[in-house]
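Now for the letters of each chain:
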Amino acid sequence: MKKLTFKKGIHPKEFKQITENLEIREVPIPPRVIIPIRQHIGAPLIPVVKKGDRVKTGQVIADSEAFVAAPVHSSCTGVVKNIGNYPTPISPSDTCIEIETEEKEEFDFDLNSNIDYKSLSKQEILKLIRKAGIVGMGGAAFPAVVKFSPPKDVHIDTVILNGCECEPYLTSDHRTMLELSEKVLKGLKIIMRAVEAENGIIGIEDNKLDAIEKMSQLVINESDISVQAVKTKYPQGAEKMLIDALTGRKIPPGALPFNVGVVVSNVGTAAAIYDAVVKNIPLYRRVLTVTGEALENPANLLARVGTPFSFLFDYLGGFSDDVTKLILGGPMMGITQFNLDVGVTKATSGILVLGKRKRKKEFNCINCAECINHCPMFLIPTKIVRFAKNSAWDKAEDYGVMNCIECGACSFVCPSNIPLVQWIRVAKARIAEIKKASGK
Amino acid sequence: MENKFNLILESSPHFKTKRSTPQIMYTVILLLLPMCIAGVYFFRWDALIRILLSLVTALLTEFIFLRLRKKDISSVFDGSAAVTGILLALTLPPTLPLSDVVIGSVVAVSIGKQIFGGLGYNIFNPALVGRAFLQAAFPVDMTTWVKPFYFNLDSITTATPLGGFKIDGVSTALNKLISGNTGGCIGETSAILIIIAGVILVLLKMADWKIPVSIIITVSVFAGILHLIDSTKYQDPLFYLFSGGLMLGAFFMATDMVSSPITPLGSIIFGIGIGIVVMVIRVFGGLPEGMMYSILFMNCFVPLLNRYTKPKVFGEV
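One line per chain: the protein sequences are A and B, in this order.
Counted the way numbering that gives the first Met the number 0 counts, the first sequence spans residues 0 to 439.
Counted the way numbering that gives the first Met the number 0 counts, the second sequence spans residues 0 to 316.
Hints in this document: simulated from the structure, not taken from any laboratory.
Treat each hint with caution, since some may be false.
[As the list claims (entries may be wrong)] From the structure, some residues in chain B lie toward chain A, with a derived Cβ separation under 8 Å:
id	residue
1	L8
2	S11
3	H13
4	T16
5	T20
6	G119
7	Y120
8	V139
9	D140
10	V257
11	P310
12	V316
[What the hints assert, rightly or not] Derived DSSO-like pairs (lysine-lysine); straight-line CA-CA distance at most 27 Å:
id	chain 1	residue 1	chain 2	residue 2
13	B	K311	A	K357
14	A	K121	A	K278
15	A	K360	B	K204
16	B	K209	A	K6
17	B	K204	A	K230
18	B	K232	B	K165
19	A	K388	A	K360
20	B	K15	A	K230
21	A	K359	B	K17
22	A	K249	B	K311
23	B	K165	A	K388
24	A	K249	B	K309
25	B	K165	A	K357
26	A	K388	B	K232
[Said to hold, decoys possible] Computed spacing ranges between beta-carbons, pair by pair:
id	chain 1	residue 1	chain 2	residue 2	range
27	B	K204	A	E432	55 to 61 Å
28	A	K6	B	I199	23 to 29 Å
29	B	I36	A	S390	45 to 51 Å
Where a beta carbon is used, it is the ideal one built from N, C-alpha and C, also for glycine.
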């Protein structure tokens, strides 16, 4: 089979062998969970419980009337101890709901439900997805129901399941495909039904041969669904790159996947959608990889939303003293953390604990063009950064800075150790501010 | 907030390649060594002294300028000044007066590089700036050539293959051109060594293959057409490819990252431009050799090339 892929990109060392063969373990209920109410991109939620309320597992604790939103559910049974500001993985201080948990669990949903999704209409499916608070679990955390509701005049012909997991270290999607294969496939079928698409493609990087085989076996009798191996290359899992690799369609600047008739969803999200629609289970726990060389026992875990990182580390036997970085997500796009009490969110695909690293000296740019040769978006990072360093925001915009997907390939390859993507983030934020201020 | 583990907070990515700028510079130096050794083999002490003198002068000049500009002194050893020093020496005649070597090296690093803002900011290839200065200031010294192994011979001065052909109509055997057993600059004579080292440099992705390839193709086509028109007046393409500074220029000077284009199309146009200019100078101009001027000439166009060959953003039509 011809290797499907996109142009440019990089090959970072993978480090996946640490956890790729470890089965998903369920983490016990922690004594308390801290659930951020902002776990999606979109409208802010309002807590619908009060301090002192007793909540059941799966009960809605924060919601919004807005369309671009996903409700948050209690991940445990217990009593609301506090609603206030706590550090979260993405913010130093944000509204969270702290729940003191009880050992005996009660569920807010019917444990025996088994709905035939084929009997449901498109609208009913979307309603169930919304009710379960499903967001993109690959890291973007965009409400799934919004993604599956393109404008009326748009026809979606293909649903792509993203099983690339191109970030080094992470293996949660890999394990999900191996252990929850049925759910993933049925989740895909539900999405195809919801967006009325004719085709489904599951794209998996060819470093996960067992997952490719497993999923291929499952779809053998499905005429409208195929499993495609894509080349192991970063950022293969980026939406635009994956669509390009699998369908040859290129999303124009500023457009979204539905503009080329495609919807992309993470494999973990598909499994969660199956749970939401068929089993009526809201998204209150997820699979994540906890790994890194400073960790004694790396693992793939099934953890409840709001489980403090410290609890996960204790559960895994702690980490060594030479830890230097705690990262939410993978090493290419993850966010560093300094507080061990932040909790797992719906978008936490992994936690990475890195050991000692040498800090590298920054040199002047020598125009080596490595960043240009590896930018999957065909940008000129070094020029954009020169403009950004001189606050020439209009020029940075001329050079297409807003198209940057922030994959970090440029910073990865830069021999002068220039923080390219970091400067690009500064430029993007600044340009957005300027646009907002000028009312555009 | 308590941070008992001294966790580092940083924007992603948290991974980097091992390749660094000094590593690139030192690899270039390593790949220039064969030419240095060949130069010393052909011209003995004269070559060795000039290479070392140029190198030391370049490093000292870099040090003084970094000091004056109150920059990080450790940058002296980032390898870039050393590359300039060695490259300059390789393009000098083996018997050039030592004072000229020092002047050339000082000019290369100071005017060629530091006054533009140091590493990464120079428009022209620094070594060639130094050489161009010497060519203008000491034209006689810069065009006095000796035969290889002249210490065993009676008559020691000679013409370079290009000069000999241009002025006296004497052609040089191809095997001599390839092995380097001809009159010429310290490190430019052995085409075969330059090609081997240059190909390694390209394979290591430390030089853009598009530049030497487009130069070589352009020169071959240009010379080939002329040769077909009149083979008595114009030599065959191989003569032009393997003589003078063409190979060293194509693989090690034009590919200087700082002063070459950063866009793929820009690199190709840059290479074609060098190929055309060098042939125009060699065939129709007053000088036998034109590699230095053609590279410097095309260096001027790099900012323009970069601007007008901007690649299309992904998905842009």
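Now for the hints, and whether the structure bears them out:
{"no.": "1", "hint": "L8", "in the structure": "5 Å, holds"}
{"no.": "2", "hint": "S11", "in the structure": "5 Å, holds"}
{"no.": "3", "hint": "H13", "in the structure": "4 Å, holds"}
{"no.": "4", "hint": "T16", "in the structure": "6 Å, holds"}
{"no.": "5", "hint": "T20", "in the structure": "4 Å, holds"}
{"no.": "6", "hint": "G119", "in the structure": "3 Å, holds"}
{"no.": "7", "hint": "Y120", "in the structure": "7 Å, holds"}
{"no.": "8", "hint": "V139", "in the structure": "36 Å, violated"}
{"no.": "9", "hint": "D140", "in the structure": "32 Å, violated"}
{"no.": "10", "hint": "V257", "in the structure": "5 Å, holds"}
{"no.": "11", "hint": "P310", "in the structure": "5 Å, holds"}
{"no.": "12", "hint": "V316", "in the structure": "7 Å, holds"}
{"no.": "13", "hint": "B:K311 - A:K357", "in the structure": "36 Å, violated"}
{"no.": "14", "hint": "A:K121 - A:K278", "in the structure": "17 Å, holds"}
{"no.": "15", "hint": "A:K360 - B:K204", "in the structure": "22 Å, holds"}
{"no.": "16", "hint": "B:K209 - A:K6", "in the structure": "18 Å, holds"}
{"no.": "17", "hint": "B:K204 - A:K230", "in the structure": "22 Å, holds"}
{"no.": "18", "hint": "B:K232 - B:K165", "in the structure": "10 Å, holds"}
{"no.": "19", "hint": "A:K388 - A:K360", "in the structure": "18 Å, holds"}
{"no.": "20", "hint": "B:K15 - A:K230", "in the structure": "21 Å, holds"}
{"no.": "21", "hint": "A:K359 - B:K17", "in the structure": "10 Å, holds"}
{"no.": "22", "hint": "A:K249 - B:K311", "in the structure": "12 Å, holds"}
{"no.": "23", "hint": "B:K165 - A:K388", "in the structure": "51 Å, violated"}
{"no.": "24", "hint": "A:K249 - B:K309", "in the structure": "19 Å, holds"}
{"no.": "25", "hint": "B:K165 - A:K357", "in the structure": "57 Å, violated"}
{"no.": "26", "hint": "A:K388 - B:K232", "in the structure": "55 Å, violated"}
{"no.": "27", "hint": "B:K204 - A:E432: 55 to 61 Å", "in the structure": "38 Å, violated"}
{"no.": "28", "hint": "A:K6 - B:I199: 23 to 29 Å", "in the structure": "26 Å, holds"}
{"no.": "29", "hint": "B:I36 - A:S390: 45 to 51 Å", "in the structure": "50 Å, holds"}
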